[in-house]
Every structure is written in structure tokens, then in C-alpha cells.
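A.B. asks: Take the sequences, apply the hints, and build the full model.
Number of protein chains: 6
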Amino acid sequence: MGKNRYEQGWNRLAEVDGSAGEQVIAGLKDIAPDLGRYIVEFAFGDIYCREELDLKEREQITLASLLTLGGCETQLDVHINGALNVGIAPKKIIEIFLQCIPYTGFPRVLNAVGVAKKVFAERKLNVNA
Amino acid sequence: MGKNRYEQGWNRLAEVDGSAGEQVIAGLKDIAPDLGRYIVEFAFGDIYCREELDLKEREQITLASLLTLGGCETQLDVHINGALNVGIAPKKIIEIFLQCIPYTGFPRVLNAVGVAKKVFAERKLNVNA
Amino acid sequence: MGKNRYEQGWNRLAEVDGSAGEQVIAGLKDIAPDLGRYIVEFAFGDIYCREELDLKEREQITLASLLTLGGCETQLDVHINGALNVGIAPKKIIEIFLQCIPYTGFPRVLNAVGVAKKVFAERKLNVNA
Amino acid sequence: MGKNRYEQGWNRLAEVDGSAGEQVIAGLKDIAPDLGRYIVEFAFGDIYCREELDLKEREQITLASLLTLGGCETQLDVHINGALNVGIAPKKIIEIFLQCIPYTGFPRVLNAVGVAKKVFAERKLNVNA
Amino acid sequence: MGKNRYEQGWNRLAEVDGSAGEQVIAGLKDIAPDLGRYIVEFAFGDIYCREELDLKEREQITLASLLTLGGCETQLDVHINGALNVGIAPKKIIEIFLQCIPYTGFPRVLNAVGVAKKVFAERKLNVNA
Amino acid sequence: MGKNRYEQGWNRLAEVDGSAGEQVIAGLKDIAPDLGRYIVEFAFGDIYCREELDLKEREQITLASLLTLGGCETQLDVHINGALNVGIAPKKIIEIFLQCIPYTGFPRVLNAVGVAKKVFAERKLNVNA
Numbered sequence: 000m001g002k003n004r005y006e007q008g009w010n011r012l013a014e015v016d017g018s019a020g021e022q023v024i025a026g027l028k029d030i031a032p033d034l035g036r037y038i039v040e041f042a043f044g045d046i047y048c049r050e051e052l053d054l055k056e057r058e059q060i061t062l063a064s065l066l067t068l069g070g071c072e073t074q075l076d077v078h079i080n081g082a083l084n085v086g087i088a089p090k091k092i093i094e095i096f097l098q099c100i101p102y103t104g105f106p107r108v109l110n111a112v113g114v115a116k117k118v119f120a121e122r123k124l125n126v127n128a
Numbered sequence: 000m001g002k003n004r005y006e007q008g009w010n011r012l013a014e015v016d017g018s019a020g021e022q023v024i025a026g027l028k029d030i031a032p033d034l035g036r037y038i039v040e041f042a043f044g045d046i047y048c049r050e051e052l053d054l055k056e057r058e059q060i061t062l063a064s065l066l067t068l069g070g071c072e073t074q075l076d077v078h079i080n081g082a083l084n085v086g087i088a089p090k091k092i093i094e095i096f097l098q099c100i101p102y103t104g105f106p107r108v109l110n111a112v113g114v115a116k117k118v119f120a121e122r123k124l125n126v127n128a
Numbered sequence: 000m001g002k003n004r005y006e007q008g009w010n011r012l013a014e015v016d017g018s019a020g021e022q023v024i025a026g027l028k029d030i031a032p033d034l035g036r037y038i039v040e041f042a043f044g045d046i047y048c049r050e051e052l053d054l055k056e057r058e059q060i061t062l063a064s065l066l067t068l069g070g071c072e073t074q075l076d077v078h079i080n081g082a083l084n085v086g087i088a089p090k091k092i093i094e095i096f097l098q099c100i101p102y103t104g105f106p107r108v109l110n111a112v113g114v115a116k117k118v119f120a121e122r123k124l125n126v127n128a
Numbered sequence: 000m001g002k003n004r005y006e007q008g009w010n011r012l013a014e015v016d017g018s019a020g021e022q023v024i025a026g027l028k029d030i031a032p033d034l035g036r037y038i039v040e041f042a043f044g045d046i047y048c049r050e051e052l053d054l055k056e057r058e059q060i061t062l063a064s065l066l067t068l069g070g071c072e073t074q075l076d077v078h079i080n081g082a083l084n085v086g087i088a089p090k091k092i093i094e095i096f097l098q099c100i101p102y103t104g105f106p107r108v109l110n111a112v113g114v115a116k117k118v119f120a121e122r123k124l125n126v127n128a
Numbered sequence: 000m001g002k003n004r005y006e007q008g009w010n011r012l013a014e015v016d017g018s019a020g021e022q023v024i025a026g027l028k029d030i031a032p033d034l035g036r037y038i039v040e041f042a043f044g045d046i047y048c049r050e051e052l053d054l055k056e057r058e059q060i061t062l063a064s065l066l067t068l069g070g071c072e073t074q075l076d077v078h079i080n081g082a083l084n085v086g087i088a089p090k091k092i093i094e095i096f097l098q099c100i101p102y103t104g105f106p107r108v109l110n111a112v113g114v115a116k117k118v119f120a121e122r123k124l125n126v127n128a
Numbered sequence: 000m001g002k003n004r005y006e007q008g009w010n011r012l013a014e015v016d017g018s019a020g021e022q023v024i025a026g027l028k029d030i031a032p033d034l035g036r037y038i039v040e041f042a043f044g045d046i047y048c049r050e051e052l053d054l055k056e057r058e059q060i061t062l063a064s065l066l067t068l069g070g071c072e073t074q075l076d077v078h079i080n081g082a083l084n085v086g087i088a089p090k091k092i093i094e095i096f097l098q099c100i101p102y103t104g105f106p107r108v109l110n111a112v113g114v115a116k117k118v119f120a121e122r123k124l125n126v127n128a
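Residue numbers (numbering that gives the first Met the number 0), protein chains in the order written: chain F, 0 to 128; chain A, 0 to 128; chain B, 0 to 128; chain Y, 0 to 128; chain Z, 0 to 128; chain H, 0 to 128.
For the record, the hints were derived by calculation from the structure and aren't laboratory data.
Hints are not guaranteed to be accurate.
Treat identical chains as interchangeable: a pair holds within one or across any two.
[To be verified] The calculated lysine to aspartate or glutamate pairs, modelled on DMTMM-like cross-linking and capped at a C-alpha distance of 25 Å, are:
(1) K116 <-> E51
(2) K123 <-> D29
(3) K28 <-> E50
(4) K116 <-> E56
(5) K123 <-> E6
(6) K117 <-> D29
C.D. replies: Written as C-alpha cells, this is what we have:
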């Protein structure tokens, strides 16, 4: 069963975050392998595999939470890529960030948009396309 | 034009938050009326009236942002009611909160679920219905 | 010298926060007296006694910082009283809170205005006077 | 295996947080039972059952993290009780909070000490004993 | 009227943040132009154009709020420049940061002072002048 | 007496943070020397010199608080070094970070582990040794 959670989580992680997610786990191998295991088993195996919300909805919520937390530019990078991977359009990602302005103010939103600008450029995406 | 933003915002506020939202604005009348005006004009007139995301999506993002901020139980109360008003099922509201666990940890999620429990009881809603 | 810091701090605390500040220190006597001592010696003796900013400026900065932190309603109560004690008008206190909207969003500002409403009512102050 | 994680977690939760912890889980039964399950399985089954740190060390770290987060007075109540349950003296709990002053400032520490004061009174504990 | 808010905001932005502020807006043109528009219209047109506080007071409050938020080094850079532009002396900017120590602890203050050090060096300013 | 607090604090700072701590103070000399003095006198002279907790416990609490605050990577670098200096094993530092997952979620923990990875590499330490 434990193995099952890991396998399910790994598949979900690969589906959402692609190679960026796998690199996060690989980067933990020599320093904190159990942290990588918990991310796979708990975050992706338990939480991301639940029903009631589809993957697009989960990524929208994740983007809003990471933006609001602050200081999570690295994780925003991974999950902006994740949002694109599950089919959320660049324009919609920006719109999710704008919806947070009344609750977080402008600085957190500016930081998130800055990460999106970098990711969209790397993937040669046009936000207006 | 300014009047337009206020009217549009007021209609949107009434649609989302119902009487609870109107009470927030009314409660500011004698102490900080301009704060109420900015919430109507900017948060609801400018942001909530944008396209690209529907009202259900906006409320999902708002719930995730308020949960993550912490210390916003009063606003969570208003927007859990708002989420119900725009047609998000109680079970889905709880699911939005669970999706935040990997990003915020358990305490913020427990606080948000505590507010939902109170709101659902007030509205005699069954989360499993 | 240590005694000096305490005395200077105590006088400054009394000047700014009045009996509310003294009650905070008294309330710590049986549980964490050194915490009370550090607040007097360090916060009020070292910091609040510095030159370069007057007491009104210090209270303005303190209100902005407490509002932004969140979850500090008790401390906001003490320092809204403190701001009034050093001569900041009720209307200006509200204005300080409004200036924070672009940086913190609306929820933190709503919470701070809610505390101000209570304090102004207790002191029978009219924000428009 | 999944059952094992739950059982292990439940035993650890009972050991640390006693009836207060069990009440948290029970209170979630009708609204978000899976949240209770994750707290038992993941927080207590996976994390609190690890070696390398004993329970006293884990509670010290938990108290520091909850104090720093802010807005977690309910969880601080549970874990101040938990710290007492695993044998941390009242005086040491206060000391943990004082160590956070340089990193969080006074307001968060004042809020945590306020919760401790209530818990110690409920358990008729003298901080100087 | 909407145009008016933008024009008023743009003038105020130029007055406070100078070319750095204009660069923030320009950098948003291709990715999130409406975010730039809201900063101009709402933050600078609505909020910064209010009476009751002068520009020096507004920048003092802004610096305290940004320091307390954390993770806003980019925005602190812009507003330390803004504070200098409206006539706040370097020494006073540092003093604003020191006033926050009791409320935020040392790390946030160290980060803000680090940004000030860079800005003062770029502008060849001596904090003791 | 004041001099005494500084000397005691300086010795404690040197003992805990070594040359990294001294560099923090030195880096403040030209911009905010009093900030350096307060860190020495108050954080290290008053707080770190208290009894009831030994230096290892103080560093554990400090690491948990800094991780939870977020945006304090520079200070985490200094205090991961400090934790090693007072004899906390690399493996235990990672374990402290893992204990925070249930309270802060994964992103803050990932950021802290990333800093530890850098520090351990600089000191050629093996987390499994």
C-alpha cells in the first residue's frame, strides 16, 4: 500500500510538474530523501489524487496559495510550468494572479507575474495568444 | 465612469457575497467609507468583473488566498458564504482547503475548516449531501 | 545603566501607551516577567527613545507594521490608543491603514479598521471631528 | 501498511496531545474526516514517529513554528498542552517563546505567552515551580 | 474620469518612484498590462493622491509595510528610492527600519537594511551626511 | 553594565555564529551600526545568554522560527552554520526542518533544505556521516 501511494504520487507528479518536479525530488536524494518521498506520497499520492477537483482546479488553487505565501518563487516556477502542463492558458495564469490583488496587495502579485514572465519566455509562449 | 465602476462593483458584490458583503460596506460607513468604496469599485468593480475566469473560479482562488494569509477568519466567513452563493458545493469548498495542506501546513487548513463548519451549520448544509 | 534603560523605557511606555501599556507589563508579571522587562528596556528604552523620529512618526510606523503582520489585534488596540495618546487624529489613523491597502490587500486593513472602530467608540471619538 | 500508519499515528497523537488531540480529530468527523486522517497518518504517523529527534525536541520545534506562523492560537493551546504532556516544564515553554523574540518580534511572543497563561491556569501549574 | 485616475496616478508615480516606477509599469506591458494599469490607477491615482497624509508620511508607512511583509526586496528597492525622491534623508530611512525591530524581529530589518545599503551606494549617498 | 551586555553578547555571538556572525555586524558598521549593536546586546547578550535552554536547544528553536518566517535564507545560512558550530549534526538539522512540514507545508521546508545543502557542501559535510 505504501508503495502504491508512492507510485500513484510519482505518476501524478510526472503528469503535473513533468521533469521539473522530478528534478526537485532528485535534488533531495543526497540531502533529505524522505522529504522527496513525502512530497511524492503525501502531496501528490494523497492530495493530488483525490477526486472532487480536477487537475486544473488544483493547480489554480496551488498558484493562489504559493503567491499568497510569498518567498516561494522557486515553487511558483515549478507550478506555473505545472499549470501550463495540465492545459491552463498563459492568459489565465496571469488572471489567477490578478484575482489575488485584493487579498494580498500588489507586491506578491508583481513577484508572481515576474516568475511567469520568465517561464513563458523559456517556453516561448505568448500570453496574448 | 467612476459611478459606473461603483455600480458594477456593487452588483457583483451583491451577487457574490449577498447581504454579508453589503453589511461589510455598511459597517464601514461611519469609520472608513472610502475603504468600503474601494472594495466596491476596485475589488468588485475592477477585478471581479473581469473576464477570463468565472465567478466560481474567482471564489476558489479567493478561498485559497484567504486561507493562506491567515488571521482572516472574518473574511473567510464572508467568502465561504460567497462560494456557496455562486454554486460551489460544500464538499468542494472543503476540498479546496485540503488542496492547500501541502503549501500551508495543517493549522491554516484547520482554521478554515472551522469557519466552514460554522457557516454550513448556519445554513443547515450537509457537507456530504 | 541597565536600571536607566528600564526607567527611560517605562517613562516612554507610559507616555505612549498609558495604562494599557502598563497593563500589558503587569499581566506578564506572574508568567513571563522578563518578557515585560525586555519590552520596557529594549522596545521602549532603546528603540522608542532614539532621536531621528518623533513619537508620532514612531506610532505611524508601528501601526503599519502591526497591520501588515496580521493576527496582532491585541497589539493594534494598544497602539491605536497609543497613537491617539501622542496626538494623532482618528482620521489620520484610518488614513495610515488605507495607505497599506496596495501592499497588504483589503483583509488586513479591514481587521485594523475594525479594531479602530472599537477603540474610537470606547473613547467616544468621532473620526470626522 | 496504510492502517499501520494510522495506528502508529493515533498512538503518537494520544501520547503527545492526549484528549485535546483526539477532540481535534473527532471535531473533523462530520465536516472533513480526511483532514483528520491526514493529521493522524502523515503528521503523527510519518513525521512524529521518526527517529533522530525525541518527542520533547519535536514539541519545542512545533511551539517555535506555531508561534512564528501567527494566528494559530488554537493549535498553540493543543501543543502547549502537548509539551507539558511529554514532560517539558512550564518555565521551559516560556523560555522557548522568549528565544523567538529576535526572530519574530514581541507581538507573536505576547500572543503565545497569553495562550500559555490560560493553559497553565487550567492545569493549575505554577511557571516558577 | 477613468482616464483622469490614470493620469493623476501616473503623475504621482513619476513624482514618487521616478524612472524606477515607470520601469515597473513598462515591464508589465507585454505580460500583464492591466496589473500596471491598476497600480497606476488604484495605488497611485486613488490612494497616493488622497489628502490627510503627505508624500513623506506615505513613503514611511509603505517602507514599514514592505519590510514587515517580507520577500519584497524588489519593491523595497523601488520605495527606498521613492523615499529619497520625496526628501526623506538616508539616516531617517534606516531609522524607520529600526523602529520595526520590536514588531518584526531582526531578520526582516536586516534584509531591508541590506537593500538600503545597495540603493545608497548606487546613489552615492552617505547615511551619516 | 551596558558594556557588559555588549561583551557578553559578542562572546556568545562568536561562539554560536563564528566569523559569519561577526561579518553580519561588520557589514552594518557604515549603514546601521546601532542595528549591529542591538543584535549583539539584545539578541545575543540578553536572550542567548539566558539559562533554561542550552545553545543547541536555542539553535533548534531559531532554525524552526527562521524556516517558518520565510524569506530569511541569509539568516538561515548563518544559523545553519551556527547549529553546526554548537555541535548539532547535519542529519539532525534536516530532521528539524522535516518536523516543520505539518505546520508550514513543503515550500518553506524545501527552501531551508536548499540552504542547508549549500552550507553542508561549503563545509564538505556529509548528511549521512
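A.B. asks: Reference check for the pair K123 and E6, CA-CA at most 25 Å: within, between, both, or neither?
C.D. replies: neither (32 Å within a copy, 34 Å between copies)
A.B. asks: Treating 25 Å as the Cα threshold, decide for K116 and E56: within, between, both or neither.
C.D. replies: For K116 and E56, the Cα distance is within 25 Å both inside one copy (22 Å) and across copies (22 Å).
A.B. asks: Within, between, both or neither: how does the pair K28, E50 come out at a Cα-Cα threshold of 25 Å?
C.D. replies: Answer is between: at 19 Å across copies they meet the 25 Å cutoff, but 30 Å inside does not.
A.B. asks: Taking 25 Å as the upper bound on the Cα-Cα distance, should K117 and D29 be classified as within, between, both, or neither?
C.D. replies: Cα proximity of K117 and D29: across copies only (12 Å, versus 29 Å in one copy).
A.B. asks: Between K123 and D29, at a C-alpha cutoff of 25 Å, which is it: within one copy, between copies, both, or neither?
C.D. replies: Intra 33 Å, inter 13 Å, cutoff 25 Å: inter-copy only.
A.B. asks: First find the shortest C-alpha distance between K116 and E51 inside one copy, then the shortest across copies, and answer within, between, both or neither for a cut-off of 25 Å.
C.D. replies: between (31 Å within a copy, 18 Å between copies)
The earlier numbered hint that this structure contradicts is number 5, and it is the only one.
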